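A.B. asks: Spelled out from the first residue to the last, the chains are:
Protein chains: 2
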Amino acid sequence: MNTQYQDACNGIITDAMRIAAGKENVDPEFVREKVAAGCAVICSNPRHKALDPVVVGNDFSTKINANIGRSPNSSSNKQEIEKMQHSINAGADFLMDLSVGLNLSETRLALLEHCSVPFGTVPIYEALSRVDGDSDKLSKELLVAVILTQAEEGVDFMTLHAGVLKEFVPLAVKRKMGICSRGGAIMADWMMSKNAQNPLYTAWDEILEICAKYDVTVSLGDGLRPGCLADASDEAQFAELDVLGELVQRCRKAGVQVMVEGPGHVPFDQIKMNMEKEQEICDGAPFYVLGPVVIDVAPGYDHITAAIGATAAATYGASLLCYVTPAEHLGLPDEKDVVEGVIAFKIAAHAADVAKGIPGARDIDDQMAEARIAFDWKKQFELAITGDKAEEIYKSKLPECEREVEQHHCSMCGKDFCAVRKTLEVKDRLDNN
Amino acid sequence: MNTQYQDACNGIITDAMRIAAGKENVDPEFVREKVAAGCAVICSNPRHKALDPVVVGNDFSTKINANIGRSPNSSSNKQEIEKMQHSINAGADFLMDLSVGLNLSETRLALLEHCSVPFGTVPIYEALSRVDGDSDKLSKELLVAVILTQAEEGVDFMTLHAGVLKEFVPLAVKRKMGICSRGGAIMADWMMSKNAQNPLYTAWDEILEICAKYDVTVSLGDGLRPGCLADASDEAQFAELDVLGELVQRCRKAGVQVMVEGPGHVPFDQIKMNMEKEQEICDGAPFYVLGPVVIDVAPGYDHITAAIGATAAATYGASLLCYVTPAEHLGLPDEKDVVEGVIAFKIAAHAADVAKGIPGARDIDDQMAEARIAFDWKKQFELAITGDKAEEIYKSKLPECEREVEQHHCSMCGKDFCAVRKTLEVKDRLDNN
Chain C
1 MNTQYQDACN GIITDAMRIA AGKENVDPEF VREKVAAGCA VICSNPRHKA
51 LDPVVVGNDF STKINANIGR SPNSSSNKQE IEKMQHSINA GADFLMDLSV
101 GLNLSETRLA LLEHCSVPFG TVPIYEALSR VDGDSDKLSK ELLVAVILTQ
151 AEEGVDFMTL HAGVLKEFVP LAVKRKMGIC SRGGAIMADW MMSKNAQNPL
201 YTAWDEILEI CAKYDVTVSL GDGLRPGCLA DASDEAQFAE LDVLGELVQR
251 CRKAGVQVMV EGPGHVPFDQ IKMNMEKEQE ICDGAPFYVL GPVVIDVAPG
301 YDHITAAIGA TAAATYGASL LCYVTPAEHL GLPDEKDVVE GVIAFKIAAH
351 AADVAKGIPG ARDIDDQMAE ARIAFDWKKQ FELAITGDKA EEIYKSKLPE
401 CEREVEQHHC SMCGKDFCAV RKTLEVKDRL DNN
Chain P
1 MNTQYQDACN GIITDAMRIA AGKENVDPEF VREKVAAGCA VICSNPRHKA
51 LDPVVVGNDF STKINANIGR SPNSSSNKQE IEKMQHSINA GADFLMDLSV
101 GLNLSETRLA LLEHCSVPFG TVPIYEALSR VDGDSDKLSK ELLVAVILTQ
151 AEEGVDFMTL HAGVLKEFVP LAVKRKMGIC SRGGAIMADW MMSKNAQNPL
201 YTAWDEILEI CAKYDVTVSL GDGLRPGCLA DASDEAQFAE LDVLGELVQR
251 CRKAGVQVMV EGPGHVPFDQ IKMNMEKEQE ICDGAPFYVL GPVVIDVAPG
301 YDHITAAIGA TAAATYGASL LCYVTPAEHL GLPDEKDVVE GVIAFKIAAH
351 AADVAKGIPG ARDIDDQMAE ARIAFDWKKQ FELAITGDKA EEIYKSKLPE
401 CEREVEQHHC SMCGKDFCAV RKTLEVKDRL DNN
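In order, the protein sequences belong to chains C and P.
Be aware that the first sequence starts at 1, since it is given in the numbering used here, and climbs by one per residue.
Be aware that the second sequence starts at 1, since it is given in the numbering used here, and climbs by one per residue.
Check each hint, because a few of them may be wrong.
Pairs involving identical chains hold if they fit within one copy or between any two copies, as the list cannot separate such chains.
[Said to hold, decoys possible] When the alpha-carbon atoms are kept at most 20 Å apart in a straight line, the in silico SDA-like pairs for lysine to any residue are as follows: (1) K194 x D269; (2) K137 x T202; (3) K336 x S105; (4) K389 x E335; (5) K140 x K166; (6) K336 x D388; (7) K356 x M273; (8) K389 x F375; (9) K272 x A37; (10) K336 x K389.
In short, the hints are calculated from the structure, not lab data.
This one's a predicted model, so the numbers in the text were calculated from it and none came from an experiment.
Modelling step: build the complete structure from the supplied sequences, incorporating the hints.
C.D. replies: Structural data, given as structure tokens:
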């Protein structure tokens with residue numbers, strides 16, 4: 001079996017490319033070209049039977065990822081399956097299972113069976129879970145074994161923190177927030193305790209063989225991403241990025257699809273530079289960013305701080321946005337948090353698609369404007385990212401007697417002060433002159 | 001009595017400048033210079049006794065405005081006073097009373113008595129209210145009389161849609177969303193029904209005399225702002241902007257402080273251009289933007305679409321951000337909506353201040369990072385824009401038995417997988433080597 005990348009390089013248009021192209025309303029050949037160039041990936045492990053393939057890359061509509069997963073303290077498989085369904089219903093294009101704890105295969109297989117979107121994991125979490133959280137007991141062999149198991153089970157993409165080299169750890173721990181990436185911190189702990197190089201890095205060729213065999217897309221983790229504004233764009237972050245650039249080339253040589261993960265906490269004015277730098281160093285590989293959050297002082301509202309950063313990130317080059325929920329920095333998100341996170345990121349992704357000029361992206365906004373000037377409230381709720389919520393707000397603010405009929409105004413200005421009504425009157429006046 | 005602008009031009013540092021400078025942690029002379037240059041305003045009608053003055057301009061921290069106000073259909077004075085108090089408690093720096101209906105002076109005086117922040121109005125709303133919403137009965141004399149009354153009552157700044165000229169109306173009504181500004185639509189309707197030029201424009205000198213006498217800051221309304229993405233940056237919008245540039249100069253000649261209002265609905269990639277264009281055409285007058293919302297399809301979540309646009313707007317030159325609430329496009333905001341709007345805009349303003357490099361802006365974020373790595377949850381909640389909400393989320397997600405003690409982890413990763421804990425362990429290991 002070939003990977004999507006290998007087929008693309010051989011000039012073959014696969015079924016997955018055709019399906020993905022249909023969703024983007026582009027020619028399948030265009031998808032093939034971008035996959036062959038490494039500027040797009042189709043995360044699709046053939047063993048993930050429930051998958052409906054999509055393409056991710058800067059030339060296509062921006063996708064969003066929802067993270068779910070148990071923590072050792074809380075949640076259950078049932079709750080996670082519900083979170084997954086809520087995420088996908090709300091519009092998540094990708095899903096990552098970040099569970100830690102016991103019996104992870106069970107959770108994963110239950111999720112994969114019903115998951116229609118690309119499904120990702122962070123194998124180091126399972127490796128550490130298997131040794132009860134004791135990083136001294138981690139080994140390269142265990143890590144590779146976990147990657148193989150997960151590939152066999154049908155995982156479409158895996159976050160591998162292979163760029164966190166031993167020599168970068170001192171740079172990272174001296175920062176204000178040190179290492180905020182769970183995977184990055186585990187790798188650093190392991191390397192320091194064993195006084196050894198990153199096992200993902202030393203076993204890279206072996207790992208790529210597995211990824212090539214199962215067409216697992218590598219998502220190069222940014223284990224040294226900044227965890228606060230003060231640490232953004234620093235030496236540790238960019239030292240790792242240079243290694244990621246090297247690993248991108250090694251993935252491609254091995255026929256493996258690859259994307260690159262990015263920060264994190266980044267001031268708004270540094271986002272463009274970060275996106276451009278990644279595109280250059282990683283030779284156009286799709287950039288998958290977490291947020292970025294643009295301030296540090298809004299816990300409880302970090303879905304908003306992150307949606308701001310994500311809009312800029314996607315406008316300037318990111319292809320996949322990892323959502324952030326209102327629970328970020330505070331605890332494990334529940335179903336409600338997950339949905340709020342997805343909605344904020346649907347907004348960011350769409351705003352970026354309009355800004356980037358993705359063909360057809362603005363059509364739905366134009367339809368909304370037409371529905372607004374026609375006072376077609378039903379249509380407005382149909383077109384809205386969250387129509388139910390919009391309808392609920394609209395109705396709740398009208399006097400009860402007005403809720404059942406189609407009003408040509410809302411409660412904001414009332415009838416006599418409605419700008420849209422007045423516009424239509426002015427238009428009539430002009431048309432009749 | 002002189003206006004702040006006249007005093008600044010005469011080299012006088014007023015009490016208001018001194019108080020405003022204290023809040024910004026800058027030299028009062030710097031405030032005076034910026035006010036004299038017209039790049040900053042201090043909206044402070046001496047009759048507004050409860051006012052605590054602030055300075056607005058691109059060189060100072062970004063301010064946010066909350067709109068409140070009755071509509072003819074709903075709300076009461078009591079509710080509006082509560083909305084005002086909630087807005088100010090949540091962090092609004094400015095307040096506008098957009099009430100329409102009967103007895104507006106009563107609402108306004110009740111609000112002004114307790115309002116510690118600059119207080120603005122849109123006089124055309126009261127003018128139209130006084131003639132029962134019948135724009136045929138509006139007159140220039142009535143408008144001027146309303147402006148005088150409001151100035152005497154202590155209003156600090158007034159939105160005047162003086163740039164909507166008669167000749168621009170055909171450009172505006174042919175757009176997808178026509179005229180979405182309430183004030184703009186009223187002016188257009190009036191001009192078309194009377195076949196006359198904009199009365200605010202023709203009475204401009206008379207209006208400026210009132211504004212100079214009471215030091216009312218003119219906020220030049222953007223009556224032709226785009227109401228959907230498709231209408232952004234179009235001929236109608238920029239025709240009006242050119243007139244606003246001319247009116248800025250006339251304000252300054254009359255000794256009147258002036259700021260300029262801006263869009264509206266603008267795709268993310270057009271925001272920078274819009275900010276730069278205004279700064280140029282309006283000779284650096286503070287830019288006061290509404291949103292801008294960056295997509296049209298998120299009713300119910302337009303506080304988020306607008307916070308995204310507002311961050312970019314303030315980063316690229318806007319000084320004052322008019323909030324948008326989740327009720328935008330759907331109905332009159334209630335207290336809860338108002339607070340959510342203020343919070344989203346506090347985030348945008350702070351993100352922009354960090355991005356612009358306002359001195360000291362990032363200090364609080366650095367303190368937050370320090371509290372995070374120290375697991376000082378109490379301090380984190382103190383520093384947060386909304387600490388109560390953050391604390392509530394944090395606690396709700398921990399098992400009950402863990403809530404009362406100071407945990408060195410949260411429920412996101414649990415103890416064994418906490419990146420911050422691991423960072424501290426790695427640091428210890430390095431320090432001990």
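A.B. asks: Quick check: which numbered hints come out false for this structure?
C.D. replies: Violated: hints 1, 3 and 9.
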